[in-house]
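Chemist: Chains E and H, in that order, are what the protein sequence lines are.
Using the working numbering, read the first sequence as starting at 1 and increasing by one per residue.
Using the working numbering, read the second sequence as starting at 1 and increasing by one per residue.
Just so you know, the hints here were simulated from the structure itself, not pulled from any lab data.
Hints are not guaranteed to be accurate.
Heads up, the list lumps identical chains together, so a pair's fine if it works in one copy or across two of them.
To be verified - In silico DSS-like cross-links for lysine-lysine, where the CA-CA straight-line distance does not exceed 25 Å: (1) Lys114 x Lys169; (2) Lys282 x Lys100; (3) Lys118 x Lys176; (4) Lys239 x Lys282; (5) Lys358 x Lys18; (6) Lys114 x Lys176; (7) Lys146 x Lys323; (8) Lys114 x Lys234; (9) Lys345 x Lys246; (10) Lys114 x Lys345; (11) Lys146 x Lys70; (12) Lys154 x Lys209; (13) Lys18 x Lys210; (14) Lys340 x Lys355; (15) Lys4 x Lys100.
These figures come from a predicted structure and were not determined experimentally.
Here's the letter readout for the chains.
There are 2 protein chains.
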Amino acid sequence: MSSKVNPYSVSGKVNYDKLVSEFGVKNITPDVLKEIEILAGEVHPYLRRGIFFAYRDLKKVLNEYKKGNKFFLYTGRAPSGPIHLGHVSVWLFMKWLQEKFDVDIWFQFPDEEKFLFKSDSSWDEIQHWLYENMLDVIALGFDPKKTHFLINTKHAGIMYPEAVKVAKKITFSSIKAAFGFNESNNIGSIFYTAMQTVPVFLPNVLENKKRPCLIPLGIDQDVHFRLSRDVVEKLGYEKPALIHAKFMPPLSGVEGKMSSSESDKAILMTDSPKEVARKINKYAFSGGRDTVEEHRKHGGNIDVDIACQWLKYFEFDDEKLKKIYDNYSSGKLLSGEVKKILIDKINDFLAGHQKRRKEAEKLIDKFIYKN
Amino acid sequence: MSSKVNPYSVSGKVNYDKLVSEFGVKNITPDVLKEIEILAGEVHPYLRRGIFFAYRDLKKVLNEYKKGNKFFLYTGRAPSGPIHLGHVSVWLFMKWLQEKFDVDIWFQFPDEEKFLFKSDSSWDEIQHWLYENMLDVIALGFDPKKTHFLINTKHAGIMYPEAVKVAKKITFSSIKAAFGFNESNNIGSIFYTAMQTVPVFLPNVLENKKRPCLIPLGIDQDVHFRLSRDVVEKLGYEKPALIHAKFMPPLSGVEGKMSSSESDKAILMTDSPKEVARKINKYAFSGGRDTVEEHRKHGGNIDVDIACQWLKYFEFDDEKLKKIYDNYSSGKLLSGEVKKILIDKINDFLAGHQKRRKEAEKLIDKFIYKN
């Protein structure tokens, strides 16, 4: 099956080595990890485990940091449905960066994006998800003093004037080439990438600083920022640095990307413990053998077993993870038993999340940027 | 010479009858004038003289007015240079409408338009002209309580969310067809028409009313609102009514449209009395004969004489205007003498304008819409 990776579609078995050379990004090498370890005091498991695996200009950002010039982080979430575990993996990593490097996060909620791109999405529905999504982001535990929500339709007063300057530098033909748009695209969707580029430099404009911008993102989003990097340079700003993540696979198997529109293939942040157990037991693709006997004899296949793969995201103890993998490969652990380990891990994580989510409502005001 | 009439270019001798049928607008007939006279107590000379000559849905607006539902007026000015007499003719008519019908004016300053459409225009330059243009508009004497300036980059907070809803209904192909855009247009210019559509319904959204919108405009701008009319209806709003003006001709002759980029063909609001006299004497195309003798014998041609044509805009007394025309046609008045009459009229008007313009600075705050 051939694979496809762009901001609007991810399908097939992704060949990450091929993406690295196609996109012209760099692999995160041991020397980069060493550098991070020196500065952060540790290396996040997502880095050790190759979940974050590639970058653009990351070394520059670390060099500036050593000179005392902190970067800021930029990420975003286009609301149109519930948050699932695939989304939060990038944000959990950002939270770690925020804590270890003591940096600001600018979190964009482009609440016009899905409205413009999905013909059947309504304004009110998107506003509903905007609110729900903000609760989940807050519940992850970011520092409210150092985390600033930019909501495109609410902050248009400060964003649109900057987006206009960006837009002047981008023709329809370059949008067409980058995103595969055509003439039946609506004019809002065509303009949208200008709004997405703004947070690359807006925090520095607002605060009159010259910090580098670092964007952790799924590699499918790279094309947005390839365009942004060219444009912001034309406007006299530094290109943003990027750090790319692989996709957390859907429950159905290691191909493609998790999506909340297929809710049986994803675990939502609001799923109950029962629901989590049901979905994983029923849908998580197994790397086990056809019979218990065969499994005991030949062992399971970690690489395709979704429970094993997902544990990379939730079992931070390398020793424990190694033991699980060894026991699964050798046949000592059965698929159902690995699933049980995963279910407990996720339910533990979600219990805390859902508790904090209830408190999040009171915190929203602290997170929304005041201009 | 063939003529061309669209928002980005007006050239040649304009055949207004042809435009009426091509655009599908209606001519203002004596019964419409009568209706206006009943409601306003008088008919503005620009209506009597056919300067405002066509409309869309004007009768509907007058009917609503009779039922007690006042309309609001919408006009705009994209700053990129000085205001000239051609601009103010439409606004002087609006001022009359405001006074006679006691209605609000929403005055848009799309300060991103020329920035996006003119490759050599700078942000600061446009912001300079925005300020200068606001002074001229205020100096015309609009009621500050009933006149609301919407500045696209300053009011983007309330305008962009509505523009997004408009934009979702407009494809690139329809923009291409309407304005002759192509793929090398920048994505800001492509989106822009959505921002221009917003004031058609925004005042009602902000004030929770259902007033009809009436837009006095040069007929070259009709295409913008043909598109807008379709879109706002899809969003559940009433189509705006339009009332179309002919172009005030440039000094150089009755073809084309006045433009401040050719400042010798236009009288600017800041021109000194001397400058006004110099421009008119030197550049105003004359309908006179080659020699005084011939002129006395055969008379001058009112239809091509710019001084005669411009007096339609500044000599509001029908008797006096008729006398000037009769005397010019019969050869009693020489071209230089008609020019002298026009120069005095314009200098008189500009003296008052320039005095009020000095006071306008203090009033800007009252005019800018507070949201």
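Chemist: Hint by hint, note whether the structure agrees.
Modeler: Verification of the hints:
Proximity of Lys114 and Lys169 under a CA criterion of 25 Å is satisfied in both settings, with 24 Å inside one chain copy and 14 Å between copies. Proximity of Lys282 to Lys100 under the C-alpha cut-off of 25 Å is found in neither arrangement, the shortest distances being 38 Å within a copy and 74 Å between copies. Within a single copy, Lys118 and Lys176 get their C-alpha atoms as close as 18 Å, and across copies as close as 22 Å, so both meet the 25 Å cut-off. When the C-alpha separation of Lys239 and Lys282 is checked against a cutoff of 25 Å, the pair qualifies neither within a copy, at 45 Å, nor between copies, at 54 Å.
Within a single copy, Lys358 and Lys18 get their C-alpha atoms no closer than 43 Å, and across copies no closer than 66 Å, so neither meets the 25 Å cut-off. Taking CA atoms no more than 25 Å apart as the test, Lys114 paired with Lys176 passes in both settings, with 18 Å inside one copy and 24 Å between copies. When the C-alpha separation of Lys146 and Lys323 is checked against a cutoff of 25 Å, the pair qualifies neither within a copy, at 38 Å, nor between copies, at 76 Å. Taking the shortest Cα distances, Lys114 and Lys234 sit within 25 Å of each other only across copies (19 Å), while inside one copy they are farther apart (28 Å).
When the C-alpha separation of Lys345 and Lys246 is checked against a cutoff of 25 Å, the pair qualifies only within one copy, where the shortest distance is 21 Å, while the shortest distance between copies is 74 Å. Taking the shortest Cα distances, Lys114 and Lys345 never come within 25 Å of each other, neither inside one copy (32 Å) nor across copies (57 Å). Proximity of Lys146 to Lys70 under the C-alpha cut-off of 25 Å is restricted to the intra-copy arrangement: shortest distance 13 Å within a copy versus 50 Å between copies. In the homo-oligomer, the alpha carbons of Lys154 and Lys209 lie at most 25 Å apart both inside one protomer (23 Å) and across protomers (23 Å), since each shortest distance falls under that limit.
When the C-alpha separation of Lys18 and Lys210 is checked against a cutoff of 25 Å, the pair qualifies neither within a copy, at 34 Å, nor between copies, at 58 Å. In the homo-oligomer, the alpha carbons of Lys340 and Lys355 lie at most 25 Å apart inside one protomer (22 Å), although the nearest pairing across protomers, at 83 Å, exceeds that limit. Proximity of Lys4 to Lys100 under the C-alpha cut-off of 25 Å is found in neither arrangement, the shortest distances being 35 Å within a copy and 64 Å between copies.
The structure fails to meet hints 2, 4, 5, 7, 10, 13 and 15 from the earlier list, while all remaining hints are met.
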